[in-house]
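Colleague: Starting from the known structure of chain A, fit chain Y onto it as the hints suggest.
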Amino acid sequence: MAETLVFQLLNAMVWSWVLALLALGLTLVFGYLDIVNVAHGALYAIGAAVSWWIIQATGAPLGGFLLSLVVAPIVVALIGIVAFQTTLRPIEKQPPIYTLITTFGLFFVLQHALFLIFGGAPRSVDLPVATLIPLLDRTYPLYRILMACGAAAIIAGLWYVLHHSTYGTWIRAVQQNRDVATAMGIPARQVTLVVFAAGCGLAGLAGVLAAPVLQVRYDMGIDIIIDAFIVVIAAGFGNILGTIIVALIYQLVQGVMVMMVTPVQGKVLALSLVLAWVLIRRKGLLEREKRR
Amino acid sequence: MSKIAKYKSTRRQFLASAAAATATFSSLGAPHVLAQSKRPIRIGSTQDLTGALSPDGTWNDRAVKAAVKKIMADGGIDGRPVELFVEDTETNTQTALRKFRSLVLQNEVDFVIGATHSGHNIATAPFAKELRTPYFASGTALETTTDKGNRWIFRGVNNIRQQMKAMALVAMEKLKPRYYFVGADYAWGRSLVKESKAYVSERGGKIIGETFIPLGTQDLSAYMNNIRPDEFDTLVLGMTAGDGMRFLRQAHDMGLTRKVTIVGNIAVTTGSNVPDLGPGADGNWYTTMYPRRAEYVPAALREFDDYYRAAIGVTSEGTDKDTGRAANLPYSFVAWQAVHMIKHVVEKAGWRTRDDHPKFIQALEGLALKASRDFPQGDWSMRAEDHQIVHNQYIERIDGDQLKVIATVDKSQLSYPPENDYRKERL
Chain A
423 MAETLVFQLL
433 NAMVWSWVLA
443 LLALGLTLVF
453 GYLDIVNVAH
463 GALYAIGAAV
473 SWWIIQATGA
483 PLGGFLLSLV
493 VAPIVVALIG
503 IVAFQTTLRP
513 IEKQPPIYTL
523 ITTFGLFFVL
533 QHALFLIFGG
543 APRSVDLPVA
553 TLIPLLDRTY
563 PLYRILMACG
573 AAAIIAGLWY
583 VLHHSTYGTW
593 IRAVQQNRDV
603 ATAMGIPARQ
613 VTLVVFAAGC
623 GLAGLAGVLA
633 APVLQVRYDM
643 GIDIIIDAFI
653 VVIAAGFGNI
663 LGTIIVALIY
673 QLVQGVMVMM
683 VTPVQGKVLA
693 LSLVLAWVLI
703 RRKGLLEREK
713 RR
Chain Y
5 MSKIAKYKST
15 RRQFLASAAA
25 ATATFSSLGA
35 PHVLAQSKRP
45 IRIGSTQDLT
55 GALSPDGTWN
65 DRAVKAAVKK
75 IMADGGIDGR
85 PVELFVEDTE
95 TNTQTALRKF
105 RSLVLQNEVD
115 FVIGATHSGH
125 NIATAPFAKE
135 LRTPYFASGT
145 ALETTTDKGN
155 RWIFRGVNNI
165 RQQMKAMALV
175 AMEKLKPRYY
185 FVGADYAWGR
195 SLVKESKAYV
205 SERGGKIIGE
215 TFIPLGTQDL
225 SAYMNNIRPD
235 EFDTLVLGMT
245 AGDGMRFLRQ
255 AHDMGLTRKV
265 TIVGNIAVTT
275 GSNVPDLGPG
285 ADGNWYTTMY
295 PRRAEYVPAA
305 LREFDDYYRA
315 AIGVTSEGTD
325 KDTGRAANLP
335 YSFVAWQAVH
345 MIKHVVEKAG
355 WRTRDDHPKF
365 IQALEGLALK
375 ASRDFPQGDW
385 SMRAEDHQIV
395 HNQYIERIDG
405 DQLKVIATVD
415 KSQLSYPPEN
425 DYRKERL
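Those sequence lines, one after another, are chains A and Y. Residues 423 to 714 (our numbering) are what the first sequence spells out, left to right. Residues 5 to 431 (our numbering) are what the second sequence spells out, left to right.
Where hints are given, some of them may not hold.
Said to hold, decoys possible - Selected chain A positions facing chain Y (in silico; Cβ < 10 Å):
#, residue
1, ASP641
2, GLY677
3, MET679
To be verified - Think about it this way: if two alpha-carbon atoms lie no more than 25 Å apart in a straight line, the pair counts; the simulated SDA-like pairs of lysine to any residue are:
#, chain 1, residue 1, chain 2, residue 2
4, A, LYS689, Y, ILE231
5, Y, LYS210, A, MET682
6, A, LYS689, Y, ARG232
7, Y, LYS201, A, ILE539
8, Y, LYS263, Y, ASP234
9, Y, LYS198, A, GLN687
10, Y, LYS325, A, LYS689
11, A, LYS689, Y, LYS198
12, Y, LYS42, Y, ASP92
Treat the hints as calculated values from the structure; they're not laboratory data. A virtual CB, placed ideally from N, CA and C, is assigned to each residue, including glycine.
Next up, chain A with everything else stripped away, as it sits in the complex (with noise of 0.2 Å):
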């Protein structure tokens, strides 16, 4: 029982950094643009199936995992900059119900784009690092641990950026008036499209790390991005730190739950708990339209 639990609140920890880093693009998208991006599950897949590429073209799981790690976000980034300026520009300045419908599109697009190119099958990714560490009497990827790593250095850097840069400040006055921020010489057309560029590039390097552990599927985007959702609608919206505490409360209740319910029993008291944490604390959509 005590072994299981440890290994249930490792697993926890570290799928919490990943979902984290998921819902992180998305908090970033609508906290600083008020675009709910729905097509970010999308973005994720194509991420992953970018990765499978390019690790099938050189032929080394290692080499071109790292060598994805770069090229996939980028690659995400091109197709978010793409889809920024011809389909949420026109709209920028429409209530978040516009950008929502329009990025919903943006998600089938995509995803069936994906289809038609990666093909309906899912693919396996080996993993980058194979060693398994002896844990108590079992053992443990270590692949897992690095890439909880990965992600929570990727946030770490993020909350850096735009909390010690200039670009993140720049980022930060768009968000707070656009139009004195405009007035003050800030290049803000630039800013919106540099940032939703960064939360897709998340969206992908979520899907670089995960596929791996996952396998890439041209849907693999659907499911997760609910539990996203759920994490930043719980967090509250453009909440870093809020995202990765709800991340890891949920994955945790979750990974404790199925040790004394069914699977499904635990899904459903996980999901009920954030349920009537976001109605008790309110920190959800509504109360930021509320201040706006």
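Modeller: Just chain Y now, kept in the frame of chain A:
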């Protein structure tokens, strides 16, 4: 004279009346019958062309189209051309129902070939009855031909009970007797576990435990931590492609697959080349309806198999000849054979219009046909009571980068007492 004249007059009148009657009849009923008999036979096909089961749907679609092409090249069905109407269900049951109704009511199709998705099959069954349209199910959940079926639905593939019985027969003979069961938490996964457990218990196997995992769960390790591989020898896996592959990947990463043999349903491998299944798949056993590699097809069926593979563009290795991706032979043959079943039964029953559907259904009930180019899977029989086909089943094992047949289970071992007798329903 007058009598003769009268007689002649009467005869003329008779002939005139007869001609008029013929003309009148011709202008009313006869052209209708004539037109109906010349009208193409319309076959509808609802397939999961997009969405989660698209690897199944795209191959089913290819098989249906190839079968219609072949039949047209051979002169049609009973000399009549075939018109095919294809609809995409988007792997969504509500869409599947809407498309089924549209095919019947707007396109006026005579028969419908359904998808591999059991949810679609079960949901469509009452509508097939209501709209009086024979429906050919391709999914394998047991309920389709038990309490959820009716006289208007036929299944041309062994159901999950028959498939897992085949697996249990071979596994209990060749593997150690302690079993653990993992299933996706929905009808098909639960059905697979239930049927497997029944046959394993019946043959003296020991059931160690079971776990059902919600569909679409990404990180499965939380559930795997509750599974102790030192307590059992064989893990029965009731998951399909996406979930199943994630399980195999993560089970391997967590060290689970090194200690136990995983057995399951071929649905895990659908559309995937063996290397794509990952290291967790090596040594797995799968129950299947159709060997992936032609070299494992029984000699008596080789000619038919060669023809079928060529018709749908599949190599002897079981891959798409254009892309090199794995074909979905275990399910696509069901669609191919369904089109040919329609042909054979229409011709046997003398079916001409939708009014003849009762004759069609009665002719298919209890029908048994031999292997041929039309039925490359082998001999089969359609049980009259529950409209469930019975055919041979294979057990394949993954060795390196190949799926190898390690056992063939004869159809005589896969029958079971029918739970329903649809013949009691009036047509």
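Colleague: For every hint, state whether the structure bears it out.
Modeller: For each hint, the structure was consulted:
Interface restraint check for ASP641 of chain A: the shortest CB-CB distance to chain Y comes to about 6 Å, inside 10 Å, so the restraint holds. Below 10 Å, beta-carbon pairs count as interface contacts, and GLY677 of chain A has one with chain Y at about 4 Å; its hint therefore holds. Because the closest C-beta pair between MET679 of chain A and chain Y is about 9 Å apart, less than 10 Å, the hint holds. Under the criterion of a C-alpha separation no larger than 25 Å, the hint pairing LYS689 of chain A with ILE231 of chain Y is consistent with the structure, at around 18 Å.
The suggested pairing of LYS210 of chain Y with MET682 of chain A holds, with an alpha-carbon distance near 24 Å, which does not exceed 25 Å. A threshold of 25 Å between alpha carbons decides the hint, and for LYS689 of chain A with ARG232 of chain Y the separation of about 22 Å falls inside it, so the pair holds. Distance check on the hinted pair: LYS201 of chain Y and ILE539 of chain A sit about 40 Å apart at the alpha-carbon level, beyond 25 Å; violated. Using a Cα cut-off of 25 Å, the hinted pair LYS263 of chain Y and ASP234 of chain Y holds, with the two alpha carbons roughly 7 Å apart.
Distance restraint check for LYS198 of chain Y and GLN687 of chain A: the Cα-Cα separation of roughly 20 Å lies within the 25 Å cut-off, and the hinted pair is therefore satisfied. At most 25 Å may separate the alpha-carbon atoms for a hinted pair to count; LYS325 of chain Y and LYS689 of chain A exceed this at roughly 43 Å. In summary, the hint linking LYS689 of chain A to LYS198 of chain Y is supported, as the alpha carbons are separated by about 23 Å, within the 25 Å threshold. Annotation: proposed proximity of LYS42 of chain Y to ASP92 of chain Y is violated, straight-line Cα distance about 28 Å (limit 25 Å).
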